[in-house]
Amino acid sequence: MNGSDIDLRRLQEIIYRLIVAPTGVANGLAQETILPVGGLDSLVAGDDRMTPVERVEIYANGYFYRILDVLKEDYPATLTVVGADNFHNLATGYLIDYPPTERSIYFAGRNLAAYLATHPLRERFPYLADLARLERSTLESFHATDAKSLDADAMRAIPPAEWPALRMRAHPAMRLVESAWRVDRVLRAVEDDVTWHPPDREPVTIVVWRREARVAYRAAETAEREALRLASVGGGTTFAVICEAIATTAGESDDVASLINRLLARWLSDGLLIPAAD
Amino acid sequence: MDWLEVISENFMVAGGRPLEVVDSVCAHYPLVMHGVSLSIGTTDPLNRTYLRDLRALARRIEPAWISDHLCWTGVGGRNLHDLLPLPHTEETVRHTARRIRDVEDFLGRRILIENVSSYMTYAHSRLTEWEFLAAVAEEADCGILLDINNIFVNAFNHRFDARRYIDAIPVERVVQFHLAGHADHGTYLLDTHDHPVRPEVWELYEYAVRRLGAVSTLIEWDDHIPEFAVLAATAAEAREREARALAANRDAARVIGSFPQAHLK
Chain D
1 MNGSDIDLRR LQEIIYRLIV APTGVANGLA QETILPVGGL DSLVAGDDRM
51 TPVERVEIYA NGYFYRILDV LKEDYPATLT VVGADNFHNL ATGYLIDYPP
101 TERSIYFAGR NLAAYLATHP LRERFPYLAD LARLERSTLE SFHATDAKSL
151 DADAMRAIPP AEWPALRMRA HPAMRLVESA WRVDRVLRAV EDDVTWHPPD
201 REPVTIVVWR REARVAYRAA ETAEREALRL ASVGGGTTFA VICEAIATTA
251 GESDDVASLI NRLLARWLSD GLLIPAAD
Chain E
279 MDWLEVISEN FMVAGGRPLE VVDSVCAHYP LVMHGVSLSI GTTDPLNRTY
329 LRDLRALARR IEPAWISDHL CWTGVGGRNL HDLLPLPHTE ETVRHTARRI
379 RDVEDFLGRR ILIENVSSYM TYAHSRLTEW EFLAAVAEEA DCGILLDINN
429 IFVNAFNHRF DARRYIDAIP VERVVQFHLA GHADHGTYLL DTHDHPVRPE
479 VWELYEYAVR RLGAVSTLIE WDDHIPEFAV LAATAAEARE REARALAANR
529 DAARVIGSFP QAHLK
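Those protein sequences? They're chains D and E, same order as listed. Counting in our numbering, the first sequence runs from 1 upward without gaps. Counting in our numbering, the second sequence runs from 279 upward without gaps.
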């Protein structure tokens, strides 16, 4: 096969492989087994200024640094924790395992937490995958579907007798991130541009939500964890079940009724819940 | 500002601030949608999910027109998030034009295709870049978004005469111009959208206006975005240069005819 005989499909497949070759276009070229006679020169025109390899390298560099920039922007705390050099290397490995498949570059970094879960860096930073998951959740929350939240006025308009059977579920922008580490404190420190410290090993459920187009997050109280989980599953649950979950996990010294009132007021204020169909 | 262009993919999301912002902007300004991921030249099938999302966004913000690039962005279900050039061959003209028509059928409207900046050409190309662009637009019966900076960049990178390119573009198909800054890497120019428009590109713009007429012009500035005053001054310079070029060639001062969209200034 000559370069002039190549069909568009095969040409695009070859160029794609050369651009994503992790150790550079020249190495990628050495591994190509179906190049036409004449090699890359028969496909890409070179001149006295640049060889065909150098020309494809412009695209290869553009590809890597474009995605690296997106990852840095999407995962500022992960970047801060591991440092620029480690981050550069993990981006290289990440792109091998998870090359972008979606049309929007927004999705390019969506699998970073899964990648980090088995990465050697976890020996040094065992909380890294959880931190990345939290960062991704804030992004997902930012872009999640809009929905009108239940607020205090809406609840007051419902006769109290109907409250127990009232179905509610988590707002589409709410996420719960379970972690064995207080990664929320690491993200907060990075966002506040203050010195971060390795997080305490302490199981935490982090609530991520969006209010007025802004994303917020906090560690859930023990008494609200199960209730928020129930609201997040499938079509949600009833207010009675949520109250029961709070009562079950409340401490012995807690006044359950005032605890439910306080948590409900906070959820309504933060817009964590929406009405759910029966 | 007279009108604005949005990158379609940035707003093809479920909800949140991006859509809130675009809703608010389109209530006050005419918008056009400019995509970067249609990948019209790939040999993968057209992505129907992408097209549905694109159509939904168009129904939401009612843009004056929709454009994307004459390029491919990935293959085999993988995306490079870059605008790769196509071989300039008859085969590619037919392949691309057929897909543009399919996209137009799906969207229920004609689209514009834009010439991309490029850093490589293919050894088996048989047409010049301008012949290729014109042939695709003619065969697909679509509009052209002519990027003046991309022509300048490619003229240097591939050693051709930029004015000859502009001379060969079918006048009646040009609906929009792009202007932007680029970076000089010595052996090649890189289209970066993060610099002021270079004087040579302004001169080429005036040449294009003299030849192609009053065409809606957008300054692309995606990174290292300066103060608003600088952007406004750049837009004002585009207006002044357009007026000067039109005064030099009154025959060119007309709104492009074959497309229903109005001239957006």
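Rather than coming from a laboratory, the hints here were simulated on the basis of the structure. The C-beta atom is built at its ideal place from N, Cα and C for all residues, glycine as well. Do not rely on the hints blindly, as some may be mistaken.
What the hints assert, rightly or not - Per the computed footprint, the stretches of chain D lying under chain E, defined by three or more beta-carbons under 8 Å from a beta-carbon of chain E, are:
#1 11-24
#2 80-93
As the list claims (entries may be wrong) - For the chain E half of the interface with chain D, some residues (derived, Cβ under 8 Å), not all of them:
#3 G294
#4 S315
#5 L324
#6 R356
#7 L358
#8 H359
#9 R376
#10 A401
#11 F438
#12 A461
#13 D462
#14 T465
#15 T470
#16 H471
For each hint, the structure was consulted:
1. Under the rule that three or more residues need a Cβ within less than 8 Å of chain E, the assignment of the segment 11-24 of chain D holds, with 7 such residues.
2. Taking a C-beta to C-beta cut-off of 8 Å, the segment 80-93 of chain D contributes 0 residues in contact with chain E, too few for the three needed, and the coverage statement is violated.
3. Taking 8 Å as the C-beta contact cut-off toward chain D, the hint placing G294 (chain E) at the interface holds, the least distance being around 5 Å.
4. Annotation: S315 (chain E) was flagged as interfacial toward chain D, and the flag holds, the nearest CB pair being 4 Å apart, inside 8 Å.
5. For L324 (chain E), the suggested interface contact is broken, since its CB lies about 11 Å from the closest CB of chain D, more than 8 Å.
6. Below 8 Å, beta-carbon pairs count as interface contacts, and R356 (chain E) has one with chain D at about 5 Å; its hint therefore holds.
7. Hint status for L358 (chain E) relative to chain D: holds, with the closest Cβ pair at about 5 Å, below 8 Å.
8. With a cut of 8 Å, the hint placing H359 (chain E) at the interface with chain D holds, because the nearest CB-to-CB distance is about 5 Å.
9. Interface hint at R376 (chain E): violated, since its Cβ lies 12 Å from the closest Cβ of chain D, which is beyond the 8 Å cut-off.
10. A cut of 8 Å between beta carbons decides the hint on A401 (chain E): the least distance to chain D is about 5 Å, and the hint holds.
11. Annotation: F438 (chain E) was flagged as interfacial toward chain D, and the flag is violated, the nearest CB pair being 12 Å apart, outside 8 Å.
12. Evaluation of the A461 (chain E) hint against chain D yields a violated restraint, the C-beta minimum of about 12 Å exceeding 8 Å.
13. About 13 Å separates the beta-carbon of D462 (chain E) from the nearest beta-carbon of chain D, more than 8 Å, and the hint is not met.
14. About 4 Å separates the beta-carbon of T465 (chain E) from the nearest beta-carbon of chain D, less than 8 Å, and the hint is met.
15. Given the 8 Å rule on beta carbons, the hint for T470 (chain E) is violated: about 10 Å separates it from the nearest Cβ of chain D.
16. With a cut of 8 Å, the hint placing H471 (chain E) at the interface with chain D is violated, because the nearest CB-to-CB distance is about 13 Å.
Hints 2, 5, 9, 11, 12, 13, 15 and 16 from the list above are not met by this structure, while the remaining hints are.
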